[in-house]
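S.K.: Given the structure of chain A, go ahead and fit chain B onto it with the hints provided.
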Amino acid sequence: MIAATAAVAFVALSSAAVALFPRSILVFLLFQGSLLYAYVARIPGWLRATLLGAAVLVLMPAIGTYNGYYLEVATQVGAYSWAIFGSPHANVLFGGTGFPLPSWWFYPFLLIGLTVAAGTGVVLGLPVLRLRGDYLAIVTLGFGEVIRVLANNLDKPINVTNGPRGISPISRPPLPLEVSYAVGFYFLALLIVVVVILVNRRLEDSHIGRAWEAIREDQLAAQAMGVPLVRAKLLAFASGASFAGVMGVVFSAKQVFINPESFTFLESIGVLAMVILGGMGSIPGAIVGATVVTVLNLQVLKGLSLWLNELKNAGVTIFGYNLANLPTQLEPAKYERMIFGLILVLMMIFRPQGIFPARRRQRELGEQ
Amino acid sequence: MDFELLVRIFPQVLLDGLLLGFMYALIALGYTMVYGVLEFINFAHSEIFIVGAFVGVELLLGLKSRGVLDTAPWPLVLLGVMLAGMLASGALAVTIERVAYRPLRAAPRLIPLISAIGMSFFLQDVIRLTESLWRNAFNLVYPTLEPLNERFELTSTLDVSAKSLVVIVAALLMLWGLHALVNRTKIGTAIRAVAEDQAAASLMGIDVNRIISLTFLIGGAMGGAAGVLFGVQYGLINPYTGFIPGLKAFTAAVLGGIGNIPGAMLGGIVLGLLEAFAASYMSLLTGGAFGAEYKDIFAFSVLILILIFRPKGLLGEVVRERA
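Those protein sequences? They're chains A and B, same order as listed. Sequential numbering of the first sequence, starting at 1, is according to the numbering used here. Sequential numbering of the second sequence, starting at 1, is according to the numbering used here.
Just chain A, with the same shape it has in the complex:
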């Protein structure tokens, strides 16, 4: 009962705070925190559903109508949430919505993107079935480079990707609701994320999910118990890639422009950092991780840049050093690698199971 009251109060307070201080990052993080609290607290299921539902369906878009930034964050979080799978296939997801098809084709293309990506996953998976662990990681990295080089150069002999110039403009999907585009996209991303989460949760305890888990723990034992190794592994490649493919289509429609540089290794590592931060295999973890990393990148680094620039222009002096003399090449906004790297190293050393560990990982990594 106390927990329930606390959860309601927490969500209500933080929502009010967000309404009052729409531009503060701290308040926004507080709001996210309250949602998480509602998610993990020991409260009745219906209350949890109502609280989260109200926050996600009503509050966020309502706030969003007068402050676009939250939707930016929320949509990015949505776009990145496929990372729940931790699939390394971010580079594979050329959802090619580039042709001048009527814009409603976007929806069928979600399916096409899914199928094509799943197919790509299988094609990539076939040759590396025999590899495990670090070899597999390096080979997928190699594949990422291969795809990028291909995308960069497939403007001849037949122009498929338009090379480094990229494809633009990509038509945006028509939305059924009479709302602003940002709000509409938010709901679209939300819908897809919900579907992805539902599918994932069902997969986890399904026949296939258990087979995957068995293979992960001990390949030989799994095979002895009758798990079809090849089929299960290919299925894992296909399903991981298909989620990425769907998000690739959404991503390209949101950005209106893609080129090979949109899918660099950096993006994959950013996603990896989100997953690791939140906790591998944990759905709330992935959402928290995505939020924190996105806010760090979009807000903190950029804010630092702006602030430094202002100080520079004002010619402030610190300890006898005039900030106007700072090198012009010093742009904090460009140092996202440092953040990703720090997150990865620190998390591995101090909390490899992540902030919100999945139960299984906790058992594996938590008790050392």
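Worth flagging that the hints you see were computed from the coordinates, not collected in a lab. Positions of the beta carbon are idealized from the N, C-alpha and C atoms, including for glycine. Hints are not guaranteed to be accurate.
[Stated by the list, open to error] Where chain A lies over chain B, by a calculated footprint (3+ residues, C-beta under 8 Å):
| # | stretch |
| --- | --- |
| 1 | 98 to 106 |
| 2 | 112 to 122 |
| 3 | 293 to 305 |
[To be verified] Restraint-style ranges between C-beta atoms, simulated for each label pair:
| # | chain 1 | residue 1 | chain 2 | residue 2 | range |
| --- | --- | --- | --- | --- | --- |
| 4 | A | ASN309 | B | LEU110 | 39 to 47 Å |
| 5 | B | LYS186 | A | LEU220 | 35 to 43 Å |
| 6 | A | LEU342 | B | PRO75 | 48 to 56 Å |
| 7 | A | GLU217 | B | LEU173 | 16 to 24 Å |
M.R.: Positioned in the frame of chain A, the structure of chain B alone reads:
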């Protein structure tokens, strides 16, 4: 298809390939030595390599601004710069091992790998930050050592620059030195013992932690030397330059059989040659449809093929699987 042209450029391509191959071999040693003792891919090795290149360029630029670069004897300058690069890279490698890998030695395999990837990214931006603060630029050009630009005409279709010769000779010397160190000295025996069986080695009175640090030091130093040579040979470096050569060198290490030192050398040379020939001949052989830009794809396809058909590499032993 112009057959005569194919034949005419052959020696030049061979030379370029060897040059690239020695470079890969030097970097690959760092991967393979660490893998030999820890069964772990030191992903940050590409940054250890590029740090060597940056230390080199800073020293050379420093000498240049004092006006002594052109008056000092170039072998001495090059030797000093290489030693400094090796020292810096070696020290960095040891530090990374101490900070980011040693606490994770008992953890599941994926954990140190992720830590290494994080370290790699972190270091890239640390280099960028340092250079931005210090020099207000992070794309740096190696100052030229004039005598190294001289070209010798061997035949009418083949000429070689002094630079390339120096790089090849230096690389060969280092590969030979490492081979001697590992196979003929007590330290080398200790390294091989630790690679074979850590527990047994420590029972024989070998300080395993010290040997692991030493392995990182040697591998890092080789990478640093390769960094300086890379800068001297190709000129332009930035903090992100190391990634692709690093990935290629890892490919070379796998190609030769990871954990196997002669294998890394052989793998590097084979990969360098393959790449040089792919870059020069692909366009000629396909009538211009696929050009030199596909050479990276070629290199990674080799990696994948090797892993499928001969996972232990050209010279390697069977890789044991650790659950």
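S.K.: It remains to establish, for every hint, whether it holds in the given structure.
M.R.: For each hint, the structure was consulted:
1. 98 to 106: holds (count 4)
2. 112 to 122: holds (count 10)
3. 293 to 305: It holds: at least three residues are needed, and the stretch 293 to 305 of chain B offers 8 whose Cβ sits within less than 8 Å of chain A.
4. A:ASN309 x B:LEU110: 39 to 47 Å: 40 Å, holds
5. B:LYS186 x A:LEU220: 35 to 43 Å: Holds, since LYS186 (chain B) and LEU220 (chain A) (Cβ atoms, about 40 Å apart) stay within the stated range.
6. A:LEU342 x B:PRO75: 48 to 56 Å: 41 Å, violated
7. A:GLU217 x B:LEU173: 16 to 24 Å: 48 Å, violated
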